[in-house]
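*Asks:* Residue-level listing of the chains:
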Amino acid sequence: MAERQDHREVLLHAEDVVMQFGGLRAVDGFKLTLHQGELVGLIGPNGAGKTTCFNCLTGVYKPTSGRVLIRGIDTKPLKPYQISALGMTRTFQNIRLFREMNVIDNVIVAGLQHARHTDFDSIFRTPRHYVEEARLRERAMELLAIFDLKEKYDLKAGSLPYGDQRRLEIVRALATEPRMILLDEPAAGMNNKETEDLMHLISKIKRDFNLTVLLIEHDMRLVMGICERILVLDHGILIAEGTPSQIQNDPKVITAYLGAEEQA
Amino acid sequence: MESSSSQEFIQHLINGISLGSIYALIALGYTMVYGILQLINFAHSEVYMVGAFAAFYASRSLGLDQHPGVGALIVILAAAVAACSILGVTIERLAYRPLRKSPKLNILITAIGVSLLLQFSGQIIFGADPKLFPEVIKDVVLFEIGGVDVRSMDVTILVIGTLFMTGLHFLVHHTKMGTAMRAVSSNGGVAALMGINVDRVISFTFIIGSSLAGVGAVLVGLKYPKIDPLMGTLIGIKAFVAAVLGGIGSLPGAMLGGVLLGLCEEMVVAYFSSTYRDALAFGILILILLFKPAGLLGSLQREKV
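Taken in order, these protein sequences are the chains called Y and G.
When you line the first sequence up against our numbering, it's residues 476 to 739, in that order.
When you line the second sequence up against our numbering, it's residues 366 to 670, in that order.
So here's chain G without its partners, still in its complex pose (with noise of 0.2 Å):
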């Protein structure tokens, strides 16, 4: 009986990481362009629906669903990857590019407008009812360890997770592009001078925030396999609240926040009730907010004169 609830428990725990390393992938988006552009990026959550379509038609024109295994997985990894960071980058020179001179509420409202019209532009273009995600991983029991069932699916969530953000880490701290960004992120005004091209690292910002709501948006067309035009709002809400619990602008505070999301609402599901799933993202938001603003890990910036 003892060794069976922690075999459940860490049956949960596992569970519970997998989902969060899908919300820390969509939370690196907000929390990158957040400290580029101290913005909220409404339409990242439209970006990361755009990704799951993606790889949905690619999968099906490719007949990939026929040959599931990892080269298919690459693939429409690939289509979602190439479809965010075009539609990303787009947005941003669209839509908030030539607003950024403007108050920081214009260019906020018309994030959210853009979020509404991606939503709504996705119903017409892909129709509003849901389609079904291709299976081109089997979710099979790989092995056991201890009575703990290691699934492939959750395997292949951790893998992909681990690796995108090992390499974003790689990507921030040890390129040239990477240092251009944090001194952009630290001040941009500042790093302008200092000869970096700040339109540029926005772009680019932009490519690599989108890129990871793609394979996030993969990652969970594999596990809830049910797609439409309207599947951003919720997860972006709360990918969106893993920022902040972390501390937006903090890329290990949007990892962190992302996987004690994800790990608070398996436990509330197994050990409470499955109605309270969607309540705690915005529990923790009120909480976080009010107790620690600045979030776990982020620091508060004191406005500048």
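The shape of chain Y in the complex, shown without the other chains (with noise of 0.2 Å):
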């Protein structure tokens, strides 16, 4: 399998990503290459840098020294419609969906990018407009169909319960059609049998779209059930990489992450 891994298609590399706020150097030296198909996580303490990282992956911060490359592309001098362009998409710690649009809007927004028509189609309704329009508004309902939100369609998005607004967060990302997904502590505020459906339904979008995942999550358990590989950020320093079992019985996580959350 290990052999496997190097044949597999680069989606996802980053190299001695730095990442400094005046005195504070939040990520120090993060790297990682993420192959077509993985499911990473990447784990660590309360401020240990683990969102700062998908930040300067996205494109939301621009790292003060290092590289990102996505499939070969330097996306330093990339906006960020441009990165979700190369098929990276993410979700939020704190949900940040479009609150006054309805769900079905939501969608529509990130699937825009890949709809043909213009905006002289729009204006002047060419047939072009309804086929495109037709076919966002169609695709949006599959998406939220497999997340059980397609009775909700017609709601505004932030008048959806806690659970709802994360699950369409998903949905949203995975309308912009992409490659690989970096979803930023999913399953927080869920409870157990509600992080259990979603680590499922991670799997599955995962196997059914084609996905590489990179998974920030706080809860030990989920991670190391669903997880290929690894990754421990401590105070910005990659600390650790390797498998499930690796990881759970390294010394230095066991002191710096297990250690600190026994005591809390």
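No lab work stands behind these hints, which were simulated from the structure alone.
Source: prediction; values computed, not measured.
Glycine included, C-beta positions come from ideal geometry on N, C-alpha and C.
Some hints here could point you the wrong way.
Stated by the list, open to error - To be clear about the criterion: a stretch of chain G counts as covered by chain Y if any three or more of its residues have a C-beta under 8 Å from a C-beta of chain Y, and this derived list gives those stretches:
no., region
1, 537 to 548
2, 559 to 568
To be verified - Cut-off 25 Å, straight-line C-alpha distance, at most; resulting in silico cross-link-like pairs (BS3-like, lysine-lysine):
no., chain 1, residue 1, chain 2, residue 2
3, Y, Lys-681, Y, Lys-506
4, G, Lys-588, G, Lys-503
5, G, Lys-466, Y, Lys-537
6, G, Lys-503, Y, Lys-551
7, Y, Lys-668, Y, Lys-727
8, Y, Lys-631, G, Lys-466
9, G, Lys-503, Y, Lys-537
10, Y, Lys-554, G, Lys-466
11, Y, Lys-554, G, Lys-469
From these two lone chains plus the hints, build me the complex, please.
*Replies:* Written out as structure tokens, the structure is:
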């Protein structure tokens, strides 16, 4: 298996990523290579710099130094929408839906970049406008159906219950037609049952959409359950990388992460 | 006696709504830009002023005041809309975009600077003395219903105002760009990550908002045909008040706020004293900020952490 990984396409390659905020080095020398079809977990105690890593990878922050390549392309000069067009998408730890828009429009927005009609088509209502709009809606409804949100398509996104909002974020991310998806604590605030369902769902969409997944999670059990490979971040520094069983037995991880959690 | 006072009231109602729809058109520009950038675009009132002059010069060079009518109106509207959208998008490109990442206060002060620059450039280029706006629509009584005169000017203003506001609604809710605009207005950073070209949406917003100011300028020019380079100041503030009254950032709010402000002004002038006409807008602003800072249709945005 380890040898086979090398033959899979490299979707994401980050090397020596440093993110400095004034005197704080939030991320220091982060590196990661993600192959097509992997499911990788990124864990670490609160404030370890996990979300900052995500922000560097998705172009929200420009790293102070280091490189992020998506499918071989350096993302440094790219705008966030161009990075999205390379097939990278994400969800947010604190939910960031378009709250005032209804559920289906949230999903449609994310699909717009692939729609072939222009504003001219929209204004003059050409046949292409109708064809493309219908396709966008249909696709959005299909995705909503997978996440049990189909019946709620017409509600305001901000009015949905918490768990629905979390799942809608994933639907929206999928609508960008990604090759890889970065999930930032997708199970935060969910109970055990919801978390378990969500994990099955993540495995399912990974299979069905042929996705590569990078996942930040706090719940150790959950990451151990589904990830093939785990990275551990502490104080902005990668302290370990390996299979779930290697991570569980790594003394550095136990002191930095598990130890800290037991004390808390 | 009874009926004549109610006729009078209806007359004032018509006047108020027609004035209000002009405020609404201009208020929309403030509210759209605020919705997208959280910026009070103080230069908007000068974009409006330039629209009036563009219409003035278009009419003068083509001799349109000799041929009044709908055709002439369309031509000067097109001139105003073209000039305003080019100016609006240029201001955004040169003055605001380089400051996109700086603190909000910097860009706000820049907006005030651009406003002053345009006011005084206007005095140099157009001259400080007022000009007479071409009378492309003759203000005649079209018909009379129950003793109430329906004048061509008010009909023109109402028709054009309604037309453009309906157009805007269509644009925002039923086009590709409109969907993107709503997303950017809701959360620009996230919209960018979902594949929206935010710069393009912002340019488009300035084009639309400025165009509406151009339309407003032509309508004001028709109703009060005296234009000068400082004409934007007062109406700009009033339109801004209208936007705040309706809830800044909300498009229906700007329309409602504009019409309400127009109605209130007309009624104050009719039943109290014209002295209070301009004080009213400021009075409303103070009251709304005290008692309902989010405006009538607005919702207070929670600060994001």
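*Asks:* Determine for every hint whether it applies to the structure shown.
*Replies:* Going down the list of hints, with the structure as the test:
1. Judged by the Cβ-Cβ criterion of 8 Å, the region 537 to 548 of chain G is covered by chain Y as claimed, because 9 of its residues qualify and three suffice.
2. A count of 6 residues in the region 559 to 568 of chain G with a Cβ less than 8 Å from any Cβ of chain Y is obtained; the coverage claim is therefore met, three being the minimum.
3. Our distance criterion of 25 Å between C-alpha atoms is met by Y:Lys-681 and Y:Lys-506, whose separation comes to about 23 Å.
4. Proposed proximity of G:Lys-588 and G:Lys-503 is supported: the alpha carbons are some 10 Å apart, at most 25 Å.
5. Taking the CA atoms of G:Lys-466 and Y:Lys-537, the gap is near 13 Å; set against the 25 Å cutoff, the hint holds.
6. For the hint linking G:Lys-503 to Y:Lys-551, the alpha-carbon distance of about 60 Å lies beyond 25 Å, and the restraint is violated.
7. Of the pairs offered as hints, the one joining Y:Lys-668 and Y:Lys-727 is violated, with about 31 Å between alpha carbons and a cut-off of 25 Å exceeded.
8. Distance hint between Y:Lys-631 and G:Lys-466 is unfulfilled; the C-alpha atoms sit about 30 Å from each other, more than 25 Å.
9. Straight-line distance between C-alpha atoms of G:Lys-503 and Y:Lys-537 comes to about 59 Å, which puts the hinted pair past the 25 Å bound.
10. Using a Cα cut-off of 25 Å, the hinted pair Y:Lys-554 and G:Lys-466 holds, with the two alpha carbons roughly 14 Å apart.
11. Restraint check: the Cα-Cα separation between Y:Lys-554 and G:Lys-469 comes to about 21 Å, which is no more than 25 Å; the hinted pair holds.
The structure fails hints 6, 7, 8 and 9 (numbered hints given earlier, in ascending order).
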